[in-house]
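Protein chains: 2
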Amino acid sequence: MAGDGSDQRALQYEQTLMYGRYTQELGVYAKEEAARLRESGQRRSVSDRSRTLDLLEYDKGRCAKCRICTVRCQKFLISRVGEDWIFLILLGLLMALVSWVVDFCIAICLQAQKWMYGGLDSNVFLQYLAWVTYPVVLITFSAGFTQILAPQAVGSGIPEMKTILRGVVLKEYLTFKTFVAKVIGLTCALGSGMPLGKEGPFVHIASLCAALLSKFMSLFGGIYEEPWTKNESRNIEMLAAACAVGVGCCFAAPIGGVLFSIEVTSTFFAVRNYWRGFFAATFSAFIFRVLAVWNRDEETITALFKTRFRLDFPFDLQELPAFAVIGIASGFGGALFVYLNRLIVQFIRKQKAINRFLMKKRLLYPALVTLLVSTLTFPPGFGQFMAGKLTQKESLVTLLDNRTWAKQGIAEEFDYIGHSQAWKHPQVNVFVTLVLFIVMKFWMSALATTIPVPCGAFMPVFVIGAAFGRLVGESMAAWFPDGINTDGTIYPIVPGGYAVVGAAALSGAVTHTVSTAVIVFELTGQISHILPVMIAVILANAVAQSLQPSLYDSIIRIKKLPYLPELGWGHHEKYNIRVEDIMVRDVRYITLNCCYRDLHNVLLTGHLKTLALVESAESMILLGSIERAQLQSLLSQQLGRPRRLEYIRERALAEKKRMSVVSNPGSEDGSQRVSQEVRFQISTEESTFSPVRPVPQKPLKPALKRSSVVERPTEIPTSPHDNSGIALKNLFCASPDAEGLEEPPPSFKSFSGDDGDVEDDMTIREIAEWEEMQLDEQVNFNNCKIDPAPFQLVERTSLHKTHTIFSLLGLDHAYVTSIGRLIGVVSLKELRKAIEGSVTVKGVKVRPPLASFRDSGTSSSENEATELHKLWDRHKSMSLPREHTPSESDEKSQ
Amino acid sequence: MAGDGSDQRALQYEQTLMYGRYTQELGVYAKEEAARLRESGQRRSVSDRSRTLDLLEYDKGRCAKCRICTVRCQKFLISRVGEDWIFLILLGLLMALVSWVVDFCIAICLQAQKWMYGGLDSNVFLQYLAWVTYPVVLITFSAGFTQILAPQAVGSGIPEMKTILRGVVLKEYLTFKTFVAKVIGLTCALGSGMPLGKEGPFVHIASLCAALLSKFMSLFGGIYEEPWTKNESRNIEMLAAACAVGVGCCFAAPIGGVLFSIEVTSTFFAVRNYWRGFFAATFSAFIFRVLAVWNRDEETITALFKTRFRLDFPFDLQELPAFAVIGIASGFGGALFVYLNRLIVQFIRKQKAINRFLMKKRLLYPALVTLLVSTLTFPPGFGQFMAGKLTQKESLVTLLDNRTWAKQGIAEEFDYIGHSQAWKHPQVNVFVTLVLFIVMKFWMSALATTIPVPCGAFMPVFVIGAAFGRLVGESMAAWFPDGINTDGTIYPIVPGGYAVVGAAALSGAVTHTVSTAVIVFELTGQISHILPVMIAVILANAVAQSLQPSLYDSIIRIKKLPYLPELGWGHHEKYNIRVEDIMVRDVRYITLNCCYRDLHNVLLTGHLKTLALVESAESMILLGSIERAQLQSLLSQQLGRPRRLEYIRERALAEKKRMSVVSNPGSEDGSQRVSQEVRFQISTEESTFSPVRPVPQKPLKPALKRSSVVERPTEIPTSPHDNSGIALKNLFCASPDAEGLEEPPPSFKSFSGDDGDVEDDMTIREIAEWEEMQLDEQVNFNNCKIDPAPFQLVERTSLHKTHTIFSLLGLDHAYVTSIGRLIGVVSLKELRKAIEGSVTVKGVKVRPPLASFRDSGTSSSENEATELHKLWDRHKSMSLPREHTPSESDEKSQ
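Chains A and B are the protein sequences, given in the same order.
Position one of the first sequence corresponds to residue 1 (the UniProt record's numbering), numbered consecutively onward.
Position one of the second sequence corresponds to residue 1 (the UniProt record's numbering), numbered consecutively onward.
Honestly, the hints are just simulated from the structure, not real lab data.
Don't take each hint at face value.
In silico DMTMM-like cross-links for lysine to aspartate or glutamate, where the CA-CA straight-line distance does not exceed 20 Å [what the hints assert, rightly or not]: (1) LYS306(A) <-> GLU795(B); (2) LYS801(B) <-> GLU646(A); (3) LYS215(B) <-> GLU83(B); (4) LYS306(A) <-> ASP312(B); (5) LYS306(B) <-> ASP581(A); (6) LYS801(B) <-> ASP787(A); (7) LYS656(A) <-> GLU646(A); (8) LYS801(A) <-> ASP312(B); (9) LYS801(B) <-> GLU627(A); (10) LYS801(B) <-> ASP581(B); (11) LYS785(B) <-> GLU795(A); (12) LYS801(A) <-> GLU627(B); (13) LYS829(B) <-> GLU580(B); (14) LYS833(B) <-> GLU580(B); (15) LYS785(A) <-> GLU627(B); (16) LYS801(B) <-> GLU237(A); (17) LYS801(A) <-> ASP787(A); (18) LYS801(A) <-> ASP316(B); (19) LYS171(A) <-> GLU237(A); (20) LYS801(A) <-> GLU237(B); (21) LYS306(B) <-> ASP312(A).
In silico negatives: residues of chain B with every beta carbon more than 10 Å from chain A [to be verified]: (22) GLN74; (23) LYS114; (24) LEU608; (25) ARG641; (26) LEU808.
Even glycine gets a Cβ: it sits at the ideal position worked out from N, Cα and C.
The task is simple: from the sequences and hints, build the whole structure.
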């Protein structure tokens, strides 16, 4: 069993290695880190401001006006720096440079391989060794480097961006380390010549760039110093623009980039962000292409894979069925690709024997896969039948060629010049070459994208699609050598056009996007095939979406990222589920009049990012929510060294007083407590009753009674529940015992750790006593940031409405209130469970416990009204005993 | 003064005539109409289902299986009919047909004008008469026809669609009448040759089509019969797709159509609707172009305004500054256009003398404008200097020509063949022609779009932009006759490319969209100028957006449509405004235990679409919201004839009983009332106290006391408020007097109107008495649809959050609750006021009354906590007197 456990752990590790996996702990850590950063940032801004003021004061004597002018200019410049458009320009510039440099390095890597391979043409074995070793080394280096520096850089990055843009904080995915790992890892991975793509990683790299640039620009002030709530939404907008830049500078396709990034990352898109994406992506694409011109690669700015199809008669109406066939077949192909990719990952994960072996040498899996793929593409070997010596880019250029390969009659028209030679095999038909290319590349790409290096799948899929389109086009050209149009003028069929259609259709099917059509137009610089492309892409999407999730959603599921799945249409049962069926009734909360001990306990037992603040455990009326970090700082202030030193000073003073006058012990402590209580403007109820895990219904009524007992102590006989005070105290004392006392929480450790001071003459025992005393004090929330309007839902809100609100507002959790009383909390997790329960398991509808009785009623309207009354009755009995209490007590007093 | 009043009214009318104006009454009427339709639809669906069941029962004897099979097939077909994609295909097909037919008719109209003009070339005066009369007649007919049939069809329709997609119901804009008026009006208006566009109206027409198609398909069942909440969101999605279809089939530009419609109509866009737009727009564009091929206008499917620029070297990098200049100038031009358009409308509205004159003959304004414009374009007159004889389409084709006009040296290269001749004037330079064309068309278009006919401004602006681009391009070509590139190969400048850039930039500036770039690519079929176009469009947008609202937003303001303006970034003061500052504290509500009289009064005094349902006037705890229509039906059920006849029958029965046995009068009535009360599961409090206009704070405490009085009548001395029961009754009796008694409300009139029945032997007085009696009964909400979770906000929600939630969820209003108690309501109106108050008046910040004190505090966090306590104190004193009441009463009882 122990071996099994370590196996399990090893498997877990392997999974992280394979795909990286989101863990809650990391997220929480990141959040706290973020809070720390934010606070330090705010502190700095204050000091900056005071510095400016100092400057003004200091220089008043000399040439004050001049100085003021300078300061103003500086201020103006600084405020300008914070403007969106400067940020976007910088982002675009940076990404264009990164993209160009990466492309340049990849080109050099590929050339080096070719040179090695070409130089060793005397010996086939040496050639093979060179052909194979080079990519294996590069991929292994890439995998190792990424693994060591930042495992988050593995994979495409689009699933993570989707999750981040959804509002979930995955801060560890946006660090400088990740940036370095991703850029270098990607360059090496693509330089190896494996069928991997650049697009997905570039979306991630652009987001990393934006996050880092944002941090960098916050040094200069401006918008970046503003309250974090605003800054957070601004950051999300900037990240959305960055995604567009990523695609835009990768393909020099600004419009397609914006649309693709919207489709791939957003659920609801704010149209006001539209221009940001366009602006940054256009600028980026422009610089990217200008760099090519500047480097003398191109004479002027043109498309990346420029085609030269004729403009007058791009295609005939009668060719449309062939385009439709490409679309439908691509749809099936896309779904198959996603399925195959998932299958490989799951297979590798399941095979324990393989895993144990691979785990030992972590880099073995990438090396083995690379070896297999590069062996198969070895040009003198099997590679000769599948144009193995062409790089991805060269393949695409040849596939989009506007000449027809299969035309037999006119030999002089097609000489297989340049790279196109690779497709021509002396013994084998070009059709066989194409089919082999498609089949081999298909599984190779699906396999290669599971390697734990920074890589995407868009480009390989794009090339496969182009090859498939070419195949259909060549077949059509062979079938109708004179073209289809019978009106006299002969317009032959252009197989290159079919390749364009196929590329857009297959990549659209795999990613579930329509905007690949636009990317294709921008990549080729020709829009003449717009209608065939659109038809094929839409058909491919229709087929693929009904069969499989998109590649990115599939990876999100594999990685178990905290993402909210889409709510499909036409699933009636979901309208029957209400929030009350899925909410967590056991809410962690703090009360307005709780003591620090309660705070401590709540912080110890739960890991929630925000905690609900209620009026009291009896009324449960929701007042707001407080962040965990705020509470932690409250607690550390209360138990921190400065306070303790102050206490020591006060004690010494009191000691002195006692020396001089007759003392009355305890008054000091009492007055302190009174002054503490004065800070609370609501302190009528003195109960310290605040259970960590409240039983939702039972304690309400007795608790209420007890509170009235405090006010009228003589009238009502003490109920048995009144003893609960001591019992609960015991419970509280017990709970830290069970979890925390043996090993005090880190925050406390640090306070008792640095005690080696001169003035600090307290023993550890005294400190513990003092801390115990401090913990019994009431919490002072005055210096605490409270969100006064956390998101609330009513318990009868439908699942559909909840889902919409969560996705629209990017919520992480929402409190469920009933007549102002906190009765539960719904987080993404519950919502996801509820949706997946009712959506993915189609046959076996996982029904929530309360949904069934609603089906029995025939007329929904009548039902609703009755239920409303029932609901109301329940609340009355539960929550409004106040109205009944007086009459009860009156009866007793009479 | 009376004359002034009628003037005012006349002016109002004229404004409606000029632009159509949204009135609240119409909206309310439409909503009620919609509710009626919905109900009847539901009734029909139920009857359909029962019919099917009947059929099954009836035919069981014969060949039951066969029948069941048929029914199932029918069901399957019917369910298929409800599928989205069938709807979208039908919509696309229909719109393509409409677009093609409209284009065809417009072409015939324009040809007829040309033919008339050409046939009369012997006499210039006759020629002038023909040239001028033709458009005047057409425009006048269009204006008159639209005015008579459906004034809502006037104008572009995009502002209205923007408002409707925002969630505001403008049902009168989506009727069959409007459809007919819009299509015929548009055809005539465009057939006149005035500088008007087809795009905006087509967005409206497509939406009309979708709405009508949706209604039509609901006859077949399927999704269209489902609960209205779902159907409503579905309708909005379909309308969004329809907008895309409108643009798509107008320009044969599916991608640009989708993007343009998103930019123009949405604030937040649900990405899951993306495919709908693409699907429908592609299908529509496809059919639209296929119709052209079928009609032998084209040989195959190509772009609408196909260009033939060279592919190899579309433009040089050094030309980019010129493109940037076009962009910036277009930005200023676009802002000027919007300003000019608004100025003309406001000028016409203000001039009372003109108005009085124009008002008398309503069609005079269109006729005068048309006369002016067509006089100026008369080809032998001033028109010869501005290519006046070209239609809009011809102008655009010539402007996008890939030949250079200004090149002097090579005469044979440019012969001014075809329509291009129009630009060549023997005496005048082509530059002068172009400048005159731009200047004249600019104000003509701005003027023409104010004519009350169905028309858009996109196409005229597009043409002006193309002319401006051409002007810059020709200047560049004249300046650099050999091109700019110095690398040996001579690539001359292509002024047509500049025209493309100019067209995209100016139309983008006027509409504040970036997607005009995509439309341009799809219109011309060439994407080679992507970077210049993108740069120019973005610059134009940047300039125009900082100067003026978009044309559509400008019209929304002129028409005073209920639209929520955008919240700009960087306006700090808005984060200081809370919902409590802007909410309406005087909420109309009904209580759970109110009587029909209260319902009646509430319905009489307010015009709100939904009413809040609270537990009682004392607690104000929000239970849900009820639609006005529901309440009306409740009231009419209570006072309706069937109930009265039943009462008569019962009375007759009682009479009979009284004849036979000794009677105890009143018991009948009493038992009825008891049974009435049994329906209420909550009826502990018997107070009928439910003021229509509650003073928010005062009545709470006394009212509470009074309710406790009911339960303990002996203990507490009666407070002066106890007499309020009678006083309030008087108030209630008085309020209908003031407003409604002299003229009973229409719903009641109808009940007392059709009394001429045989059995109905009650006198009018008896009826009035009976009605009074009925009105005193408690309302039975059992058959009433109650929304159990209306949208709630906390009073401290910031304006920013409120705005986001309103725009995201398309809310019309939200209730503001504090600890479950209804304390106010915020509707679009208040929100708009708050935003406009703090945004548009930049210098004079209109500050809400409560926002100021929040600025005084230095540390916001401290402030918040203290305020929370304050808030809490206030609530305690306000809302929790229940806890204190017992102690008070106890003191008294002791």
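So, going through the hints one by one against the coordinates:
A hinted pair counts as satisfied when its Cα atoms are at most 20 Å apart, and LYS306(A) with GLU795(B) does not qualify at roughly 58 Å. Proposed proximity of LYS801(B) and GLU646(A) is contradicted: the alpha carbons are some 42 Å apart, above 20 Å. Proximity of LYS215(B) to GLU83(B) is assessed by CA-CA distance (about 14 Å); at most 20 Å being required, the pair is judged to hold. As the CA atoms of LYS306(A) and ASP312(B) are separated by approximately 9 Å, the hinted pair is consistent with the 20 Å bound.
A hinted pair counts as satisfied when its Cα atoms are at most 20 Å apart, and LYS306(B) with ASP581(A) does not qualify at roughly 59 Å. At most 20 Å may separate the alpha-carbon atoms for a hinted pair to count; LYS801(B) and ASP787(A) meet this at roughly 12 Å. Between LYS656(A) and GLU646(A) the CA atoms are separated by roughly 15 Å; this keeps the pair inside 20 Å, and the hint holds. Restraint check for LYS801(A) and ASP312(B): not satisfied, since their Cα atoms lie roughly 53 Å apart, outside the 20 Å limit.
Restraint check: the Cα-Cα separation between LYS801(B) and GLU627(A) comes to about 19 Å, which is no more than 20 Å; the hinted pair holds. Simply put, LYS801(B) and ASP581(B) have alpha-carbon atoms about 14 Å apart, close enough for the 20 Å limit, and the pair holds. As the CA atoms of LYS785(B) and GLU795(A) are separated by approximately 18 Å, the hinted pair is consistent with the 20 Å bound. Proximity of LYS801(A) to GLU627(B) is assessed by CA-CA distance (about 19 Å); at most 20 Å being required, the pair is judged to hold.
A threshold of 20 Å between alpha carbons decides the hint, and for LYS829(B) with GLU580(B) the separation of about 15 Å falls inside it, so the pair holds. With a C-alpha separation of about 14 Å, the suggested pairing of LYS833(B) with GLU580(B) holds against the 20 Å cut-off. The straight-line distance between the Cα atoms of LYS785(A) and GLU627(B) is roughly 39 Å, outside the 20 Å bound, and the hint therefore fails. Using a Cα cut-off of 20 Å, the hinted pair LYS801(B) and GLU237(A) holds, with the two alpha carbons roughly 16 Å apart.
Using a Cα cut-off of 20 Å, the hinted pair LYS801(A) and ASP787(A) is violated, with the two alpha carbons roughly 23 Å apart. The suggested pairing of LYS801(A) with ASP316(B) is violated, with an alpha-carbon distance near 53 Å, which exceeds 20 Å. Distance check on the hinted pair: LYS171(A) and GLU237(A) sit about 16 Å apart at the alpha-carbon level, within 20 Å; holds. Restraint check: the Cα-Cα separation between LYS801(A) and GLU237(B) comes to about 16 Å, which is no more than 20 Å; the hinted pair holds.
Distance check on the hinted pair: LYS306(B) and ASP312(A) sit about 9 Å apart at the alpha-carbon level, within 20 Å; holds. Look at GLN74(B): its CB is around 20 Å from the nearest CB on chain A, clear of 10 Å, so calling it non-interface holds up. Annotated as non-interface, LYS114(B) keeps its C-beta farther than 10 Å from every C-beta of chain A; the closest such distance is 28 Å. Every beta carbon of chain A lies more than 10 Å from that of LEU608(B), the smallest distance being close to 20 Å; the non-interface claim holds.
Under the 10 Å C-beta cut-off, the non-interface status given to ARG641(B) relative to chain A holds; the minimum distance is some 23 Å. The Cβ of LEU808(B) sits about 4 Å from the closest Cβ of chain A, inside the 10 Å cut-off, so the non-interface label is violated.
In summary, the numbered hints that this structure violates are 1, 2, 5, 8, 15, 17, 18 and 26.
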